[in-house]
Amino acid sequence: MQASSLSKTKNTSWGGGGMQPLDAAYGKLMMWFFIVSDALTFSGFLVAYGFSRFKNIDSWPIADEVFHHFPFLHGVDAPMYYVALMTFILIFSSVTMVLAVDAGHNNDKNKVAFYMLLTIIGGAVFVGSQAWEWKNFIKGEYGAVEIQNGEILQFYDIKKDKRIPIDDFALLQSQERITHDDNVGIWYQSEANLPEITLSEVMEGFKTNSAITVRIEKLDEKGQKIILSREDAEDKLSSATRVVKGANLIRNEYGNPLFADFFFFITGFHGFHVFSGVVINIIIFINVLLGTYERRGHYDMVEKVGLYWHFVDLVWVFVFTFFYLV
Amino acid sequence: MAKHEHKLEIFRGYLKFKSNVQKIWGVLIFLSIVTAIEVALGILKPPVLMNYFLGLKLINWIFIILTIVKAYYITWDFMHVRDEKPFLKNTIILPLLILIPFLLFILLWEGSYIFDVMLDGLKEWDFDIY
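Chains D and B, in that order, give the protein sequences. Residue 1358 in our numbering sits at position 34 of the first sequence; the count goes up by one each step and never skips. Residue 309 in our numbering sits at position 5 of the second sequence; the count goes up by one each step and never skips.
Because the hints were derived from the structure by calculation, they are not lab data. Note that the Cβ used here is the ideal one computed from N, Cα and C, for glycine as well. Among the hints, a few may not be true.
What the hints assert, rightly or not - Now the stretches of chain D that chain B is said to cover, found in silico as 3 or more residues with beta-carbon under 8 Å:
no.	segment
1	1343 to 1349
2	1400 to 1407
3	1414 to 1422
4	1446 to 1454
5	1482 to 1493
6	1599 to 1610
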């Protein structure tokens, strides 16, 4: 192995005889420049989200209704608790990261390794939680109907005074239509999965059960979705085009498709940052174990990856506020 | 590396810590309290805070301010900006402090303008009717 790669690399990138501009090491300053530009990227995304939201201010989906699951608590309405827990996990992994950086300043190899490991675990738990959140969002819950102008209609039980899933009232009919796969007929043509419940089944169920009406996307002055009268509901449903279950990039059962688009894009981009952070942390962790930084004489690399990790945490604080709270 | 000195005061010197590790835990406790307040407000949604102030609900103003408070302590204490030279602090903070509010202002203004146009300016935007 080349001795030069392990020799004291400190300050060498700047040159100039050990003088450091702004008293910061070269790599650290470059990490800061990256963070500033990345912060602007994220603010661009979040502001674009704000733009779309202000544009549709009277019909934006209510986040509390979308994200209210908690692991192992099925059917319990727990808005935000899980995201709050995720936020806490990420902040905590940020703390273990600072502790690792601090231990690095004291050249304490074992402590650095221990705290790096905790940070990696925290990051992995967070990414896993985000995947779970995505799964719930994609799978959907109540189901809804889309009408011709793209509006989403959700179903509401007047008697029980709460939303009713389409599975609960749809009248199942025997259907002969099967999904067209690419192994039958023209080999390159296939179609997306057929919905489990067809539109006509939902419509039949709606006709026979007079306690059911629809909720439209528009919000009343209290910020709740407007519930239509039975007659208006029938009128609206006359132009129904399809059943929507769950969310994807084209339509989602919670309302405006832009909500799902921005959710997938921004939390996905953030999740990708966390994922890369975990990978970089693992690399640094292995290097710590191998003693690379001990031989180098300083743990600046831990500090640099630490900056990145805190930045990811920082972005999440904003995503949490603007997607779940506001 | 002996040159890593840390400023151990937060809240403008109101709270002083003995060591950097202690300060980190102190900041964690503070951030957790702020998050807990946010979640509690988000679940309770006190009716008083549902009134509008400068185009946003009061509760949303509180959320945004608390978020910025959290962001401040994450950058200042976890990212050690507190210990950096003033020039480096400004190099990092000023571009963000100037560009982000600017971007926010123009896009949110434009968004609500388009909302108004959709609401009042057009006879009909549901073109499927025709």
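Item checked: Ascending list of hint numbers which this structure does not respect -> 4, 5 and 6
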